[in-house]
Each structure stands twice: as C-alpha cells, then as structure tokens.
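Each chain, letter by letter, is given below.
There are 2 protein chains.
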Amino acid sequence: MFKVNDNYLKLPGSYLFSTVARKDREFRAAHPDKKVIKLSIGDVTQPLAPAIIDSLHKAVDEMSKAETFKGYAPDLGYEFLRNAIVENDYKSREVDVSADEIFVSDGAKSDSANIQEIFALDNKIAVCDPVYPVYVDSNVMAGRTGTYDKETGLWSDVIYMPCLEANGFAPELPKETPDIIYLCFPNNPTGATIKKSMLQDWVDYANRVGAVIIYDAAYEAYISEADVPHTIYECEGARTCAIELKSFSKNAGFTGTRLGYTVVPKDLKAADGTALNPLWARRHGTKFNGAPYIVQRAGEAVYSDAGKAETKAQIAYYMNNAKVIYEGLKDAGYSVSGGVNAPYIWLKTPDHMSSWDFFDYLLEKANVVGTPGSGFGPSGEGYFRLTAFGTYENTVEAIDRIKKM
Amino acid sequence: MFKVNDNYLKLPGSYLFSTVARKDREFRAAHPDKKVIKLSIGDVTQPLAPAIIDSLHKAVDEMSKAETFKGYAPDLGYEFLRNAIVENDYKSREVDVSADEIFVSDGAKSDSANIQEIFALDNKIAVCDPVYPVYVDSNVMAGRTGTYDKETGLWSDVIYMPCLEANGFAPELPKETPDIIYLCFPNNPTGATIKKSMLQDWVDYANRVGAVIIYDAAYEAYISEADVPHTIYECEGARTCAIELKSFSKNAGFTGTRLGYTVVPKDLKAADGTALNPLWARRHGTKFNGAPYIVQRAGEAVYSDAGKAETKAQIAYYMNNAKVIYEGLKDAGYSVSGGVNAPYIWLKTPDHMSSWDFFDYLLEKANVVGTPGSGFGPSGEGYFRLTAFGTYENTVEAIDRIKKM
Chain Z
0 MFKVNDNYLK
10 LPGSYLFSTV
20 ARKDREFRAA
30 HPDKKVIKLS
40 IGDVTQPLAP
50 AIIDSLHKAV
60 DEMSKAETFK
70 GYAPDLGYEF
80 LRNAIVENDY
90 KSREVDVSAD
100 EIFVSDGAKS
110 DSANIQEIFA
120 LDNKIAVCDP
130 VYPVYVDSNV
140 MAGRTGTYDK
150 ETGLWSDVIY
160 MPCLEANGFA
170 PELPKETPDI
180 IYLCFPNNPT
190 GATIKKSMLQ
200 DWVDYANRVG
210 AVIIYDAAYE
220 AYISEADVPH
230 TIYECEGART
240 CAIELKSFSK
250 NAGFTGTRLG
260 YTVVPKDLKA
270 ADGTALNPLW
280 ARRHGTKFNG
290 APYIVQRAGE
300 AVYSDAGKAE
310 TKAQIAYYMN
320 NAKVIYEGLK
330 DAGYSVSGGV
340 NAPYIWLKTP
350 DHMSSWDFFD
360 YLLEKANVVG
370 TPGSGFGPSG
380 EGYFRLTAFG
390 TYENTVEAID
400 RIKKM
Chain R
0 MFKVNDNYLK
10 LPGSYLFSTV
20 ARKDREFRAA
30 HPDKKVIKLS
40 IGDVTQPLAP
50 AIIDSLHKAV
60 DEMSKAETFK
70 GYAPDLGYEF
80 LRNAIVENDY
90 KSREVDVSAD
100 EIFVSDGAKS
110 DSANIQEIFA
120 LDNKIAVCDP
130 VYPVYVDSNV
140 MAGRTGTYDK
150 ETGLWSDVIY
160 MPCLEANGFA
170 PELPKETPDI
180 IYLCFPNNPT
190 GATIKKSMLQ
200 DWVDYANRVG
210 AVIIYDAAYE
220 AYISEADVPH
230 TIYECEGART
240 CAIELKSFSK
250 NAGFTGTRLG
260 YTVVPKDLKA
270 ADGTALNPLW
280 ARRHGTKFNG
290 APYIVQRAGE
300 AVYSDAGKAE
310 TKAQIAYYMN
320 NAKVIYEGLK
330 DAGYSVSGGV
340 NAPYIWLKTP
350 DHMSSWDFFD
360 YLLEKANVVG
370 TPGSGFGPSG
380 EGYFRLTAFG
390 TYENTVEAID
400 RIKKM
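So the protein lines, in turn, are chains Z and R. Under numbering that gives the first Met the number 0, the residues of the first sequence are numbered 0 to 404, in order. Under numbering that gives the first Met the number 0, the residues of the second sequence are numbered 0 to 404, in order.
No lab work stands behind these hints: they were computed from the structure. Even for Gly, the Cβ is constructed at its ideal location relative to N, Cα and C. A portion of the hints provided could be inaccurate.
Across the chosen pairs, the derived CB separations fall in these ranges [stated by the list, open to error]: (1) Z/K265 - R/T151: 32 to 40 Å; (2) Z/A270 - R/A65: 50 to 58 Å; (3) R/K149 - Z/K265: 22 to 30 Å.
Straight-line C-alpha distance at most 30 Å; calculated BS3-like pairs for lysine-lysine [said to hold, decoys possible]: (4) R/K322 - R/K402; (5) Z/K195 - Z/K57; (6) R/K64 - Z/K57; (7) Z/K9 - R/K402; (8) R/K57 - Z/K57; (9) R/K57 - R/K402.
With the Cβ distance kept under 8 Å, some of the chain R side facing chain Z (calculated, not the full set) [unchecked claim]: (10) I52; (11) K69; (12) D74; (13) K108; (14) F118; (15) V133; (16) T256; (17) T273; (18) T285.
Here chain Z stands alone, though its shape is the one from the complex (with noise of 0.2 Å):
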C-alpha cells in the first residue's frame, strides 16, 4: 500500500507566489475595466537582448542541420559557457574559481530546491526572517525542519535568523550553531546587502563550526555599490565552507528562458572529508540531463561585448524603476529600504496593517499587485515587497496611483 511523504502535508497554504497569481487573477475577472500593475513575483518585463536573441537564433539553425546539431549536453554544462563563466564572474574579480567546479542547471531556483538533498536528513538549517520561500520549504518536503507552529509561524527545528529594522535587515550570527546556512545578498525580499568585511565575518564563522553556506548571489549584477560582494569567494576561505548560486534570469532576462549555475568548490569537504563536488555530480548526472543547447548559447552571449552592454542597459533601467518607487514611496511618507544595490523595495506597512490586509488594500485601492512580507516569513510581517521589474511607464502610474490612495 503506497503512502505519500508526509512531510509535504504539513507545508502550510500553498507556494506563496501561486497565492499572489491566485488572487491577481480572481481581482482581473471580478473588474475587467481595471488595469492592474503588477510589481510582485520578480518577473522581469524588458524582452531578450538582441545579441541574446541572435545567438539563439544562430542555435537554433544548428539544431536544423546534421552536421551542427546537439543532442545530449555533458553533464556540467557546455564547457564554451562553463568557461565564459569563470572568466567574467570569477577570473576577472581576481576570484579562484575554475569550470570544474560550475554546474549549468535550468536556474537558480532549482538548484536552491535541490541542493539540500546532499547533506544529512538531521543536518539543521539557519535561514533569514523574511526569506526566500524555496529554502525552508524544500527542507520541509525533505523533513528537516521539525513541525509547524501557526501561531508563530516558525518551524521547530530550524534556526531563524531575523532581518529586522533594527539590524539594518541584516542577520546577525545565530547562537545555536546551524549545519547549512542559506545567505542571499543581495537580498530577496528585503532587497539589502552586506559588506564585505561582514561576508568575511560569515565565512569565518562557517568555517570555524564546520557549517556549510548556500550562498544565493541571483541578483549580483544589481550590486553598485564598490564595498558589497558580488560573489562569496571574494571573502578568504569561501572555497572550503561555500556553494553559490546563480542566476541568467534577473541580470538578462531569462524568467522564461531558464538558464543558472552552482558552484561548488573542490575544497569544500565534511568533516569526514567527503568532497561535495563529486556528490553534487552525481545528482547531476543522475537526476538532471542538462540545460537547452540553445539556451546555453544564448548564456554565452551574455558575456559577449554586446551582451554586456546590452544587459547593463536593462540593469540600469530597472534600476531606475527602483529609484522611482523608493523616492515615490519615501516622497508619500513610507519607511522604505532596499532598492540600491537590488531591484527589489522592502516598505513597512501603514498604520501597523498586516502584509495580506494590505496586499488587498493595494489592490482594492490602486489595483497594483505587490508580496506580502509575511509570505517570507514571520519577520516579515507588517511588510510588503515592490519589485523594479516592471515597465518605466507601469512602475511611474503605479507609484502616481499609490501616492494618491
């Protein structure tokens, strides 16, 4: 008689993102006549770049003839975007990372679902509060975080490492000590960074307990500030206590492309001296069969000359989107924070209204669709989210619409 895994009945509501669409959408058929602005799931707006779309193009005709087509890709990725890789991202920040050690996946989101599943069942997690929803929940699908408590809405066997007013959203070191420490800087949802100097003080934390950091670097290119780390092996002694991951999707458009990366280096080993990159290979080449050819060539083109100056531009513009929300809200009275050195806006609810009463507020009142901060977690409640992902043009009447509620 089968049964299911259990673990996956006590995740609480569903995917917090697939309740955001859920209620966008019943709003959109309630009231036809309103246009709705959507500045909530980080879905980018602004079409591929061209030199994007031409090296797709050029992949695709190789996928047409005999002579150039491409079956089964090897297992870590094509080695001509593996290469361009360590050389854009790592190489050039005078950074030790070599193409055996980068693992092309099909994105970010993935690979952060996933990676749990090469450490121990009772290995404890640490997470941010608020947090990218994906964490916590495929520890909870794998049963590594204990039972839910809906009052408080914590898990008991996870270490929450709260992102508050208070400390500048940034987590301070936990005092019991985690296995796996999930970091994203900058960061989703809160949209801030750290520095260097406290990345450091992370690696070296993880490095004296012996904890592993799955460093989620997605929104990197935001980075313009010249202290803030755009990877963690910048900070000495990442290579023996980090994984990172990254993303094609919020530096070049590819949401619906799907395209990103985990690095693992050679030298991060347990405590028994199992090295994590031959395992993290064998679930790769066991459970994964590899990113499009195509869309590996249209990663490779992102490093082009072209493609950088291309995919800057729509940094730069959605940045400007950033701008306009954060001096909008700021201009209407708001407590915001975030949208520097990322593309996402972290505003404290009016008048002490919890995230979903205003998430309808919004809706009801300005028909723009935002997150809720509770969705990412307890500390996250009285919170809200506005991405800089939308057009100029929606992002400048979406602020206009909530300046005038």
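Chain Z is already provided as a structure; the job is to place chain R on it using the hints.
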C-alpha cells in the same frame, strides 16, 4: 558540523553512461586514427524537424519584443502545449486525461528521478532487471533501497523483476508486494514490449494491492504493432494507480532541447485519501520553474500536421536502422531481440562473455561503442544494448564491422 547524505556514498561507481563515455573518450584519445561509431547512449542524431525549427525561430522572435516577451511560465506548463498533449496523445486514443493532469517538465529523466520524492521513504520499490538506472539510483539517493551487495549487484530493499529470455524479457508479477512499481514499455534497455492485456494485468494487480505504477512511456512513438498500448491509461482502472512519464527526446529529437511531461490523474489517491496530483503540483511549483517558453512552443509544433509528418519520417529512419542492426546481427549468428516496437536491440554476448568484456572487445575490434547489459542490472549480465539512433551510414558500417569480427 554539516554531514553529507550518506545514501549517496552507497552508490556503486559512477552513472553507467558516464563510464561508457569515459571509456569511449579514452579509446579515441589513444587511437586518433580510428573512426569510432557510437551506438551506446540513446541519443538521437537527426536534426530537429523543419516545423520545430520554424516554431523555435518564431518563439525567439517573440522573446525579442516587449509585447510578446514571456517571463516565468505557468507552473504546470503553457496551456497551448498541455492542450495539444491531451488532444493528440490521449483524446485521439479515446483516453481520459485532462490538461490539469499534465505537468510539463524539462524531460522524462528529471521526472523519473524526482517522482519518488512524493512517496514515503519506507515505501518499497519494484523494478525490472535490467532497468534504466535512474529509477534505482534516485531511490538509493533518497535512502529507500537498503544495502548494496557487491557480489550480486542487488539492493536489499528493492524488489527485482527479472526480464530474461525465458519470459520474453517481460516482468512477472512480483512475489513480494511492492508499494511503487516502475514499468517501462517499450522497454529500455531490452526493446521488449507487452500487449495491452498484459498491461491490464499489472493495472489490476496495482489496484488490488494498493501499489502505484510509475509508467515510463518515453519510447511510445516507436510502437508499430497494433495490440501494444501507447499509454497505460488505455487500461481500465489505470487512473487510480498509475503515473505516466513522457518525453519529447526520442519521438522528436529533443535530447538536447529538453522537454517532457508527467501525467498524474486526479483519481490517484493513497490509502489515506491523499491525492497525488496536488502533491506533484506542489513539488513542481516549489522546486522547478518551468521549461523554457521557446521549448514549449517547439513541443507544440511536434503536434502540428507538418511536425507529425516530419517526426514520423524520423522515427521510420531510426526504425530502419533498428532493422539493419537486428537482421545484421542475426545473420552474424547473434541471439537478438527488441528492435520492433523500440529503437533498442538487445543481444546476447557470444561465448558467455561478460557484458563489459564484450564492450571492450567491440570497441577494440570493431571500434563500436555499445552499452553493457550488466550496467542496467544483474540480469543484464551477458547482454548488450545497441541503439538505432545513429545515422544510417554509421549503422550499416558498424554492423559490417561487427560481422567481420
């Protein structure tokens, strides 16, 4: 102190096809003058059909303009693709499957590895022997298979269903009752199939004992005989006991383009009443972010009139190769099976050679790479798999060389 998932450490050696690839690579490096012909991994060689190429170019163009650009895909996959699947793969056969039971993915390999996640860890799996390694390996990684016996090549907590010459390479109902049964027809690696009445017996058995069948129909398009089922849902009662996996890799050459889907009927429930469809939806929504839009459009094109005609011609091309291999080997005195409803030929090694000895012998003497039967499980020992996915010219040459050995 973080620890690794020590189930990974139980896995013997590396993934079968990685080992085959390594031996191939080493031989080529040592003998740069030899022309090695690869009939090992089931990787296609014909380019994508013109109708698919057209739709890819069109979709790439859509990604280049803001008005038609696509970001994150719907969780289950685009409706245009799910509707085309329902219409062509199910309704046309008068089989009841609806669009919200279809989950579009990046391929059947991922799905066949991930599907075990929604089941309890103490559920017992039954697999054919020989079998596609991913079914077993993904369960090893999850910790569901007990201990590995190096002598026998068997896992203590897996129910093996030997597929031998004596039973026409078709599994018999197991003596011990499993919770999860993996079936693959047309079979990889043996190329065998079973008739609809036999599959009905499996469905009846699963419903009787409360087991779930994971039915891998990746090779469905290669069926040429009338009484062989194209989908398990042709059998009465399959909606309450079976999940079906499908791939675009073999019917349309998507091995390097990556697309597949899984069917989880809403009627499929565990003994406690928990429905599997929403569980898989939750997994899909939390740990995956959809197949690329352009690839989903390519999948839709497979079902267009031109796409159907063109991919049908490709399948005929490969099946002609299968005939060349089957008849050539038979002429040469080999004992062969498969190759009628499947692109795989399963041959008995001559003179009681071991599978890996024959691999080395074939590579050395004929410069042909195949797959050792023992790599698929202990009952595959003494057998060898050749695929029909090469070019016609290479296939003819490979068989000529084998004949001359």
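These are the hints, each one checked on the structure:
1. Z/K265 - R/T151: 32 to 40 Å: holds (34 Å)
2. Z/A270 - R/A65: 50 to 58 Å: holds (51 Å)
3. R/K149 - Z/K265: 22 to 30 Å: Given a distance of about 28 Å, which is inside 22 to 30 Å, the answer is holds.
4. R/K322 - R/K402: holds (15 Å)
5. Z/K195 - Z/K57: Status violated; Cα separation ~40 Å.
6. R/K64 - Z/K57: Roughly 18 Å between the alpha carbons, so the hint for R/K64 and Z/K57 holds.
7. Z/K9 - R/K402: Violated. Z/K9 to R/K402 sits at ~60 Å, over the 30 Å cutoff.
8. R/K57 - Z/K57: Roughly 13 Å between the alpha carbons, so the hint for R/K57 and Z/K57 holds.
9. R/K57 - R/K402: Not OK: R/K57 and R/K402 at ~47 Å, beyond 30 Å, violated.
10. I52: holds (4 Å)
11. K69: Holds. Min distance 4 Å.
12. D74: holds (7 Å)
13. K108: holds (4 Å)
14. F118: Holds - the Cβ of R/F118 comes within 8 Å of chain Z, reaching about 6 Å at its closest.
15. V133: holds (6 Å)
16. T256: Check passed: Cβ of R/T256 comes within 5 Å of chain Z, closer than 8 Å.
17. T273: holds (5 Å)
18. T285: At about 5 Å, which falls below the 8 Å cut-off, the nearest Cβ of chain Z leaves the hint on R/T285 intact, so it holds.
Violated hints for the displayed structure, listed by number in ascending order: 5, 7, 9.
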